[in-house]
Amino acid sequence: MSDPGTSDKLAGLLAQCGLGNRRAFAELYEASKSKLFAVSLRIVRERHIAEEVLQESFVSIWNNAAKYASAKSAPMTWMTAIVRNRSLDIVRRPLVEIADEDDVFALNMQDERPGPPEQLNIRRDQVRIERCLKGLDAEQLQTISLAFFQGLTHSEVADHLGRPLGTVKTHIRRGLQKLKGCLEP
Amino acid sequence: MKLAHPGLRSALAAEYVLGTMRGAARRRFESYLQSDDALRHEVQRWESHLLPLADRLPAVAPPDRVWKRIEARLDQNVAGKAGPAPSSLWSSLAFWRNLGLASSGLAAALLVAVLALKPVEPDRVLSAVLAEENNVVRIVVEQPRAGLLNVKMVKPWRTDSGFAHELWVIPKQGAPRSVGVINDATDTQIRLAGLDARLADGAAFAVSLEPPGGSPTGAPTGKVVCQGSIAWMPVKSSRPGTQI
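These protein sequence lines map, in sequence, to chains A and B.
Residue 10 in the working numbering is what sits at position 10 of the first sequence, and the numbering runs on without skipping anything.
Residue 29 in the working numbering is what sits at position 29 of the second sequence, and the numbering runs on without skipping anything.
By construction, these hints were calculated from the structure, which means they are not laboratory data.
Nothing here was measured: the structure is a model prediction, and the numbers come from that model.
Yeah, the Cβ is synthetic: ideal placement off N, Cα and C, and Gly gets one too.
Incorrect hints may have been included.
Have a look at the derived ranges for each label pair, beta carbon to beta carbon [stated by the list, open to error]:
no., chain 1, residue 1, chain 2, residue 2, range
1, B, E133, A, K134, 20 to 30 Å
2, B, G23, A, E184, 24 to 34 Å
3, B, A72, A, A15, 22 to 32 Å
This is chain A alone, in the form it adopts within the complex:
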């Protein structure tokens, strides 16, 4: 995730954490906390739960930093997986109003946002997945986005869209298959 420079820096910090360097850990936290908090907040919805998820995720990141080297994934990807898994494990919410479907359209649009200089660098992974997402049908994109960004289950997506559960499952499954075909040609 993000540009290669940042990624290398985070990987270096993680390596330091693996050696027990608390200062590197503080820096790692500063650099990633807001993105990771946003990831959890979207899924668990309640701030105090998201705070707890972030806290436990970082304890886990610290404890497992020595193993990161063998994970073979980008540092943000590795940390995001930890935060998402923890969030998905604990979320027990009644189906409340889902904020909006902006995510769906956010994915569809070209990213023209101006950003700090490092954002101008090529984010290869991100560009690739976004290009592939554009190849999906509208319904596939919508269901996958709701599941990914809002942490909705199949049936929550179905309720939200007022579509039959089977239809939603099919959209998601076919959409993922299509993504795979595009990402791993």
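Take the given structure of chain A and dock chain B to it, following the hints.
Chain B in isolation, oriented as in the chain A frame:
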């Protein structure tokens, strides 16, 4: 769930990463991941594909108290340290020790089952259910009589990992003590000189990955793969079959 079909494996890995796989199915899938390298690799591929999308979310700064709590948790771990050892291992053990008997329902149920089955001899018996971080139970340790420890395999490890599984007792104070290397996939009986003294003030057991033959240093050097607190149960009667 049949996991032989490549298309199915990939589809499940995708739904796992997407987050639509939940609850019991998610936990079951995670237990497959423990022992299936190719499946883990497939999950990592999907993570690399999908998770960069999270960068799209507008950042939300967490309150400062979160960092304070993280630091407190780490300090707590350090306070439990008793000697030079890999921090990750120690942190997790110390953290775990502080959790006391907060084992999962399954672990507790197993513990009761183990105790009920046991012919009793000493004035107190020891049992422990060792689980992975995600509560998947790996082994049960029990002490049927003085000088003997039985390690029962609940969920075997692969035998071709190239690592030895070494069992450690974590005392209330001080460094972990080795109880020996256990079998990867079958039950192990441990008879060891001074075993009971070694276990006497035990608070927890842990299993770490070590080079073949066990830790070269006498202290854990590798990843802790499962752990569990020790339950000491006083025994009222010495008649075999007495229930606790």
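Checked hints:
A beta carbon spacing of about 38 Å between B/E133 and A/K134 contradicts the range 20 to 30 Å that was offered as a hint. B/G23 and A/E184 have their C-beta atoms about 29 Å apart, which keeps the hinted 24 to 34 Å range intact. Between B/A72 and A/A15 the beta carbon distance is about 24 Å. The supplied range of 22 to 32 Å therefore holds.
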